[in-house]
Amino acid sequence: MDNSAARIPRGRLLLVEDDAELRQSLSELLRDSGFDVAVAENGLVALTYLEDSPPPCLVLLDLMMPVMNGWQFREAQSRNHKISEIPVVILTADGRAELKAESLGAAGYLRKPIEVERLLGMLAEYEC
Amino acid sequence: MTSNPKPVVLLVEDDDDLRNAVADVLHEEGYELAHARHGEEALAMLRRRRGFCVILLDMRMPVMGGMEFLRAQMRDSKISSIPVVAFSADARDREEALALGISGSLSKPVDILQLLEAVASLCGDPDRLELPPEPRAQAC
Chain L
1 MDNSAARIPR
11 GRLLLVEDDA
21 ELRQSLSELL
31 RDSGFDVAVA
41 ENGLVALTYL
51 EDSPPPCLVL
61 LDLMMPVMNG
71 WQFREAQSRN
81 HKISEIPVVI
91 LTADGRAELK
101 AESLGAAGYL
111 RKPIEVERLL
121 GMLAEYEC
Chain D
129 MTSNPKPVVL
139 LVEDDDDLRN
149 AVADVLHEEG
159 YELAHARHGE
169 EALAMLRRRR
179 GFCVILLDMR
189 MPVMGGMEFL
199 RAQMRDSKIS
209 SIPVVAFSAD
219 ARDREEALAL
229 GISGSLSKPV
239 DILQLLEAVA
249 SLCGDPDRLE
259 LPPEPRAQAC
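Residue numbers (this note's numbering), protein chains in the order written: chain L, 1 to 128; chain D, 129 to 268.
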């Protein structure tokens with residue numbers, strides 16, 4: 001069944017997003033595409049998850065979140081050698097996405113609203 | 129004509145230099161901006177005018193500081209739903225504000241990319257929001 005790409009088991013992702021609706025719709029979409037998706041509603045929850053779980057192949061990171069935002073998360077991540085190498089793709093609402101990705105040392109970026117094809121293409125690039 | 133095509137950012141900051149610097153950046157990015165020097169002025173402005181998409185709130189100000197402003201805003205159902213992003217050099221100030229359920233916080237000195245992200249995530253990207261330049265010409 002070659003057309004059942006959605007059922008091919010894929011890698012584990014961590015989606016860090018405070019918008020509950022977006023978190024749910026994006027995680028459902030990714031699960032339907034075969035990914036094993038963990039979710040966190042802010043940077044602090046994400047850090048705790050990464051500390052205690054097998055590393056995901058990629059972190060999808062919103063920037064503007066309460067409690068711990070994307071910048072604070074990246075700072076904490078870079079200080080922790082156990083998780084510092086996990087690649088991060090930022091999800092940004094603002095036009096200066098490339099500059100932000102660069103300033104955060106992120107592997108890439110996706111503009112909000114998220115284009116599904118771009119997201120899946122990016123995940124394929126990272127061989128998730 | 130009361131139409132207001134772009135949502136307005138309210139910047140509440142007592143430091144003139146910082147207020148002007150942030151105002152310049154947001155204007156350049158295409159946002160419409162209003163400012164207040166302290167919480168009391170901000171409350172008056174919010175009650176007088178509509179269309180605010182976010183309040184950027186310094187936590188330490190004279191007359192009425194950030195926490196006092198937040199409590200007053202929450203008690204007023206006409207303005208309580210406007211999202212707030214607080215900024216302060218003191219992490220405890222930010223935590224206290226976040227505990228009241230605000231949308232986010234930024235440390236001081238303010239990182240301009242973080243500020244733009246906060247505004248874009250709550251107000252939208254002005255490049256995408258922009259209306260056609262002369263809508264009234266067609267309407268006539």
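Don't read these hints as lab results, they were simulated from the structure. Nothing here was measured: the structure is a model prediction, and the numbers come from that model. By construction, the Cβ of each residue, glycine as well, lies at the ideal position given by its N, Cα and C atoms. There may be inaccurate statements among the hints.
[What the hints assert, rightly or not] Computed Cβ-Cβ distance ranges for the label pairs, DEER-style:
1. S103/L with E223/D: 21 to 27 Å
2. L228/D with P87/L: 31 to 37 Å
3. P190/D with G34/L: 53 to 59 Å
4. R177/D with S103/L: 31 to 37 Å
5. G105/L with S208/D: 33 to 39 Å
6. S103/L with A217/D: 33 to 39 Å
Right, here's what the structure says about each hint:
no., hint, verdict
1, S103/L with E223/D: 21 to 27 Å, "24 Å, holds"
2, L228/D with P87/L: 31 to 37 Å, "35 Å, holds"
3, P190/D with G34/L: 53 to 59 Å, "57 Å, holds"
4, R177/D with S103/L: 31 to 37 Å, "34 Å, holds"
5, G105/L with S208/D: 33 to 39 Å, "38 Å, holds"
6, S103/L with A217/D: 33 to 39 Å, "20 Å, violated"
Checked against the numbered hints above, the structure violates only hint 6.
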